[in-house]
Amino acid sequence: MVSAGKITMSKIVPYCPSNIIRYIIILRHFILFILPLILFISNCAQQRQIRRPGVQEIQIPFIRVALDDNMKKGTLTFINEYRLQSEEATYILDSTLGEFQVSFSDNILLLKSSDRRFKFENFNKIDFNPVANSKFRWNGISYMGQISMVKSQDQLIIINSLSMTEYLKGVVPHEIPSHSEEYYPAIVSQAITARSYAYYHLNYPSSLHFDVYSDTRDQIYLGLKQNAPLANKAIEESKGMVLQNEKGEPVETQYHSTCGGTVDLKYKIEGITSEGYFKDIYNDEFNCLTSPMYRWVEKYSSRDILTNLVNTGKLTEEKAKNMRENGFTMEIEITSRSNSGRIEKMIISLNNINITLQSYEIRRVFRPSGGSTLPSTLFFIKKSGKHPDIFYLIGAGFGHGKGMCQWGAIGLALKEKSAKEILGFYYPGHILKKIY
Amino acid sequence: MNGFLKKRFLISYFGIFLLSGLISLQAQMSTDLKDFIWNRDFKELLDLYADEKIILTDEGDYTKRIAARPYHEKEGMRIQLFAGSDSINALKVASDITALNLDSVYVLKENDLYKVQLGNFTERIEAEKMLNRLYFVGITNAWIVKGTIHEPKKEQEKLIATSVSDSDETNLMVYAIQVFVTRSHDKAQLLSNRLSQTLKESIRIIKQGEYWKIIVGSYTSEEIARKKLNEIREAGFPDAWLSQVAE
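For the protein sequence lines, the chains are P and D, in the order given.
The opening position of the first sequence corresponds to residue 2 in the numbering used here, with each subsequent residue numbered one higher.
The opening position of the second sequence corresponds to residue 95 in the numbering used here, with each subsequent residue numbered one higher.
Warning: the hint list may mix true and false statements.
Only pairs whose alpha carbons sit at most 27 Å apart, straight line, appear in this in silico BS3-like list of lysine-lysine [what the hints assert, rightly or not]:
(1) 248/D to 383/P
(2) 383/P to 147/D
(3) 248/D to 300/P
(4) 147/D to 300/P
(5) 322/P to 248/D
(6) 248/D to 248/P
(7) 300/P to 383/P
(8) 346/P to 301/D
(9) 147/D to 384/P
(10) 300/P to 137/D
(11) 387/P to 301/D
To be clear, the hints were calculated from the coordinates, so they are not data collected in a lab.
Build out the structure end to end from the sequences listed, making use of the hints.
Here it is as structure tokens:
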């Protein structure tokens, strides 16, 4: 912001009667031209601030990250000095107090260590403020910055507030392989994409109390768990760089692990291609061929799906038990695919009970045995030739397929493309801008 | 050739061409699925092969239990030796007759009545022969009853049942750990040598397109592969990721 008070006269003029007229002329010029100019610039700066409430330019922004949005039990250690301000006193907390067992039930928050015990009954928010660059450990992982405990609708949220730079250091190495010089342009692209995503959520927070989740609902953030010098370098070198849309507004730059060859353009990037997707290909080779999940095959029995339907609340255990005992027919029908080929909707018919699955539900219901969720919805079904109850999903990629393909970015980096080229490839029509 | 015939000829020609193309691709898919899905544009694969509807059947545990029995159930005759409400007596009679080792002995409960029966006979004459044998050993209060009997399955039927339940299709892919990907074969070789000093698992260098991938291990279960992945990451390879590769 420009301040009128900082503007000074640079030329010193000695006092004498012959100069009085010159003084008057300068003063007149000042009143007529310079003063209105200063007022105009000052007004413009104020207007710019009004357009983006809560987000400061120039300074590195702070971000609020939910480490746990429904905490029941946890452990907390203050590695360095922290301060807790209450109505009656200021408490100094550090490593000498040992590990606190934190629990929340019946709207009562308890922090117990071998030396200290804190009980909070009527509270909305408790802040543990760091002294300088103090660190704390929450559930075995070290973090930097402030830790707050917020009560919201009978749930306790653990929030870590810290600078965008420190936040990104806890995101980038967990989102992309960050230990090879060969991948560096991809790591820089990831840093910019993660910063853009976070910056968008400073403007449009994921919750009233925090800006982003620390898991796949937003971006994986694991504090100081992994020190990746290349990621740190990429974050520093790209400091303040974000992607914006052509109107200069922040964008939620989604990204994913592996597109499998087709990137979905369906969301928020309109007018780029009429088909709504583009091929992730360069020099006749798919960029994410580098990925460990470029192609995959999963095997299931109809009973596996029956169990998963029960576990996801789509079918009652009673009905499933009856079907297991007396037999059943399972019809799996894909009813809608996006232009990129990803399944949007499917129907599972079980002895004439129709269950409709959409987007992420599909990945949960087709969860492979021993795995978390199905890698992606870009797959086709192949029935076993031998067994009437066995089938395979033959699929490509990992993730939702929107925005940057991280392994594709690595592929492009290995083909000596710069971060700017990578971002231009995956976010067509976007502008790269330094905002701080 | 007039315009109409020419048009029909072109349509038929194009139809035959398309059909033969699809047949050959279908054959290729079934013969070498692994290479097929790896080297092609997945979007095109979907357009050509996606089976948008499948129907699976599960016969149910009850049917499986029936199928697993070593016998069929059918109508026939048995020798009944006891019928009464006293279960202890029924078991004693069953125990005595089992000791004679004449045939299979059954203890049934029907409408609060315990029954002890012997043998499975499809012909009355066979049942009468057994009744005579019982007279010889001093059992005179037995009689022939009609009902459900057990007929042993033939050996061939048993074999079919076990082969269906036990055999399985070969896994198309296995789980593995991808530790590194590079465009330089020398780099891949160097890291592979370093890995072989640290890890006991099998290490392979696989070429995919212009890239060289270092792949560690081969696991049939994702759960085991994930455990191994954590070990490899902790051993100083944080960029290792879970993967699937063709066996």
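The hints, checked one at a time:
no., hint, verdict
1, 248/D to 383/P, "35 Å, violated"
2, 383/P to 147/D, "10 Å, holds"
3, 248/D to 300/P, "34 Å, violated"
4, 147/D to 300/P, "17 Å, holds"
5, 322/P to 248/D, "32 Å, violated"
6, 248/D to 248/P, "80 Å, violated"
7, 300/P to 383/P, "10 Å, holds"
8, 346/P to 301/D, "36 Å, violated"
9, 147/D to 384/P, "10 Å, holds"
10, 300/P to 137/D, "21 Å, holds"
11, 387/P to 301/D, "33 Å, violated"
Going down the numbered hints, you'll see the structure goes against 1, 3, 5, 6, 8 and 11, while the others check out.
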